[in-house]
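Please build the complete structure, drawing on both the sequences and the hints.
2 protein chains.
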Amino acid sequence: MGRLTGGDPSLLRRINSAVVLHALRATDHATLTEITRVTGLSRPTVEGVVEGLVETGLVVERAADEGAARRQGRPARRFRFRAEAGHLLGLDIGAHRVTALVADLDGQVLGTLSKDVDEKAPADERLERLRTTVAELLRRVGVSRGSLRAVGVGSPGVVETDGTVRLGTALPEWTGLKLGERLSRSFKCPVLVENDANAAAVAEHWKGAGTDSDDMVFVLAGLSPGAGSLIGGRLHRGFGGAAGEIGALHLLGRGARPEALLSTTDEPLHPLDEQAVAEVFAHAREGDERARAAVDRFVDRLVHDVATLVLALDPEVVVIGGWAAGLDGVLDPLRGELARCCLRPPRVTLSKLGAAAVATGALRLALDHVEEELFAVESTVTARR
Amino acid sequence: MGRLTGGDPSLLRRINSAVVLHALRATDHATLTEITRVTGLSRPTVEGVVEGLVETGLVVERAADEGAARRQGRPARRFRFRAEAGHLLGLDIGAHRVTALVADLDGQVLGTLSKDVDEKAPADERLERLRTTVAELLRRVGVSRGSLRAVGVGSPGVVETDGTVRLGTALPEWTGLKLGERLSRSFKCPVLVENDANAAAVAEHWKGAGTDSDDMVFVLAGLSPGAGSLIGGRLHRGFGGAAGEIGALHLLGRGARPEALLSTTDEPLHPLDEQAVAEVFAHAREGDERARAAVDRFVDRLVHDVATLVLALDPEVVVIGGWAAGLDGVLDPLRGELARCCLRPPRVTLSKLGAAAVATGALRLALDHVEEELFAVESTVTARR
Numbered sequence: 001m002g003r004l005t006g007g008d009p010s011l012l013r014r015i016n017s018a019v020v021l022h023a024l025r026a027t028d029h030a031t032l033t034e035i036t037r038v039t040g041l042s043r044p045t046v047e048g049v050v051e052g053l054v055e056t057g058l059v060v061e062r063a064a065d066e067g068a069a070r071r072q073g074r075p076a077r078r079f080r081f082r083a084e085a086g087h088l089l090g091l092d093i094g095a096h097r098v099t100a101l102v103a104d105l106d107g108q109v110l111g112t113l114s115k116d117v118d119e120k121a122p123a124d125e126r127l128e129r130l131r132t133t134v135a136e137l138l139r140r141v142g143v144s145r146g147s148l149r150a151v152g153v154g155s156p157g158v159v160e161t162d163g164t165v166r167l168g169t170a171l172p173e174w175t176g177l178k179l180g181e182r183l184s185r186s187f188k189c190p191v192l193v194e195n196d197a198n199a200a201a202v203a204e205h206w207k208g209a210g211t212d213s214d215d216m217v218f219v220l221a222g223l224s225p226g227a228g229s230l231i232g233g234r235l236h237r238g239f240g241g242a243a244g245e246i247g248a249l250h251l252l253g254r255g256a257r258p259e260a261l262l263s264t265t266d267e268p269l270h271p272l273d274e275q276a277v278a279e280v281f282a283h284a285r286e287g288d289e290r291a292r293a294a295v296d297r298f299v300d301r302l303v304h305d306v307a308t309l310v311l312a313l314d315p316e317v318v319v320i321g322g323w324a325a326g327l328d329g330v331l332d333p334l335r336g337e338l339a340r341c342c343l344r345p346p347r348v349t350l351s352k353l354g355a356a357a358v359a360t361g362a363l364r365l366a367l368d369h370v371e372e373e374l375f376a377v378e379s380t381v382t383a384r385r
Numbered sequence: 001m002g003r004l005t006g007g008d009p010s011l012l013r014r015i016n017s018a019v020v021l022h023a024l025r026a027t028d029h030a031t032l033t034e035i036t037r038v039t040g041l042s043r044p045t046v047e048g049v050v051e052g053l054v055e056t057g058l059v060v061e062r063a064a065d066e067g068a069a070r071r072q073g074r075p076a077r078r079f080r081f082r083a084e085a086g087h088l089l090g091l092d093i094g095a096h097r098v099t100a101l102v103a104d105l106d107g108q109v110l111g112t113l114s115k116d117v118d119e120k121a122p123a124d125e126r127l128e129r130l131r132t133t134v135a136e137l138l139r140r141v142g143v144s145r146g147s148l149r150a151v152g153v154g155s156p157g158v159v160e161t162d163g164t165v166r167l168g169t170a171l172p173e174w175t176g177l178k179l180g181e182r183l184s185r186s187f188k189c190p191v192l193v194e195n196d197a198n199a200a201a202v203a204e205h206w207k208g209a210g211t212d213s214d215d216m217v218f219v220l221a222g223l224s225p226g227a228g229s230l231i232g233g234r235l236h237r238g239f240g241g242a243a244g245e246i247g248a249l250h251l252l253g254r255g256a257r258p259e260a261l262l263s264t265t266d267e268p269l270h271p272l273d274e275q276a277v278a279e280v281f282a283h284a285r286e287g288d289e290r291a292r293a294a295v296d297r298f299v300d301r302l303v304h305d306v307a308t309l310v311l312a313l314d315p316e317v318v319v320i321g322g323w324a325a326g327l328d329g330v331l332d333p334l335r336g337e338l339a340r341c342c343l344r345p346p347r348v349t350l351s352k353l354g355a356a357a358v359a360t361g362a363l364r365l366a367l368d369h370v371e372e373e374l375f376a377v378e379s380t381v382t383a384r385r
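Protein chains in written order, with UniProt numbering: chain A, 1 to 385; chain B, 1 to 385.
Hints may be right or wrong, so weigh each one.
You can't tell identical chains apart in this list, so a pair holds if it fits in one copy or across any two.
Said to hold, decoys possible - The calculated SDA-like cross-link candidates involving lysine to any residue, where the alpha carbons are at most 20 Å apart (straight line), are: (1) 207 <-> 267; (2) 178 <-> 344; (3) 352 <-> 326; (4) 178 <-> 343; (5) 188 <-> 85; (6) 207 <-> 38; (7) 188 <-> 122; (8) 352 <-> 235; (9) 178 <-> 147; (10) 207 <-> 316.
Keep in mind the hints are simulated off the structure, nothing from the lab.
Right, dumping it as structure tokens:
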């Protein structure tokens, strides 16, 4: 309660800094007079704060010859936020490839790089592949490692808040891996690890198919679907980070495992990988009856899993991503089933970001982290229950 | 952003009032000196605010002879929050009975009254029954209708934010009923309508089996289960108020309808009411094999429905309420299935509030509404993203 009455000058300074930074970031550049007007702070306060921000390198005075030509008299000094004062990484660790994105402090992507990796590669090899991808990307775009302010990582599996993978069957040696700790050795800034479907949900909400809704479910439709949910614009991780792990639904004994579901013989499909599944789908397209039946079963399962999620959460929008999103005949049965079992069926749409969704979401999480540090005042001042 | 710099004297007065009220409510009584110390406000500000609060009737000076005996000299004046300055109702509209709770502004329950109602009663009759229950309760506890500050209502069905029942198959003529509007005619204060399972979730979190967790799912286990979820301590209603409507899961075609599930013959159970179901359960206890099989199917279904909810949301605790919570052999299979399919199985526990859960939650929602008006400052000052 004491905050309203002031009393802590360093806190007040920090709040004022954040207010000014926030105002500057929302515009190309601004004069001290403009900052004073927008922030409601006094002129001397604004001058002191801007001076401090220039010292930290986050704000710079725009050179006089930048922009419009000088008018008569001495022009007012103009300041701008230096988005290039720091950088962020968004990383995606997948079964077949690793992807890295680098961006500035405005979240503007400066470059991206993907490298293939063997789906059977052990954890060390996969992480090494990620490290060389990052190193090459940073070199290409000319960003020094020291300028990184935060690194976001999207990974399959249930991820604890400390970055440990509690369970991850999609990648070899992934369960139990202290992924956050391992990657932290390569960076001096915070490394934030998130489940891949959760990261993708954040990405689609940021700049994909879910930008117009704060209540959104993203389904990463693969062999075993996972999901990420935004509730009121915020990621719902669940108490133990396991929310949306609907891939385990078949364990409830109401249906076959994916390897039986997708089999065109009496034996389970083996190995159960995307290559084998792609063949089943190809045969189905060519008219093979057993393959077509397998695909129908697979789509039925996906539809069922998504419907249970929708009944539990009642989102406004469901975004379907992952490789199964590209299959013909996924969206229509999904819409039909949801219309049948839901009182208010959600809008169903395909991912806009496709393969870039997870890395983009990881980047957004890194940006969130940095913004929370730089602009924390915003939520303090405007948040209401 | 302007708030930090002041500027709006009426807002500041309101904030200071809320701060003082909040401080007084947390204690039995306090002197002006104590209020000054706790709030960080100046003595003249506190004096002005307290005077204003005494005028509104929310605060009263404690009589000098109350409490401890006088010490030498003139004792400091002591003030206390007048919880009796207003009252709240919590109402539960069920299939077989209606219940009303009345409480003071501290949420202290002053009285409760239930009346039976025919499960086939049309909406008008059910609402009239509720009205007479409220009137009788208010008369008994000596609370005037004019002192009511808010009324909370728990009702079956999907409830829109304006208090209209979008869908409610549990009660006759319930779908489409403008419940909030109808009840508002009897009260001059706000009437807040909420789904019954949602209200019960709030109640168990307030003073039931879920007080130690902010991530909780409450399952109202009846013929068709419904659920309410708290995420981070807040009710998750879903985008259209339909979150947790897991009773519709059987529509996904993976299982029979309740009337087939519970039948001990080849015909669906008819009528499907609690009386008929109670008979099936009684026969099962007496060793009837077909009845036992029906009960097993019913429990299996409940377990499955709860498990899908847990996979979607990953709560810390699941509280089972409703009449099926009282059945033998519900909790153990539930724990077993959740352990099998969940990476971090939640704690499963029985409702502590039982039949009082819905009305208690409705009361809490009314209290929340009043607190938001009186003490809104708290969330403004302490909320952080």
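Evaluation of the provided hints:
no. : hint        : verdict
1   : 207 <-> 267 : neither (43 Å within a copy, 53 Å between copies)
2   : 178 <-> 344 : between (41 Å within a copy, 18 Å between copies)
3   : 352 <-> 326 : within (11 Å within a copy, 48 Å between copies)
4   : 178 <-> 343 : between (42 Å within a copy, 17 Å between copies)
5   : 188 <-> 85  : within (16 Å within a copy, 58 Å between copies)
6   : 207 <-> 38  : neither (27 Å within a copy, 46 Å between copies)
7   : 188 <-> 122 : neither (25 Å within a copy, 68 Å between copies)
8   : 352 <-> 235 : within (19 Å within a copy, 31 Å between copies)
9   : 178 <-> 147 : neither (25 Å within a copy, 59 Å between copies)
10  : 207 <-> 316 : within (17 Å within a copy, 32 Å between copies)
Comparing the model with each earlier hint shows violations of hints 1, 6, 7 and 9; every other hint is respected.
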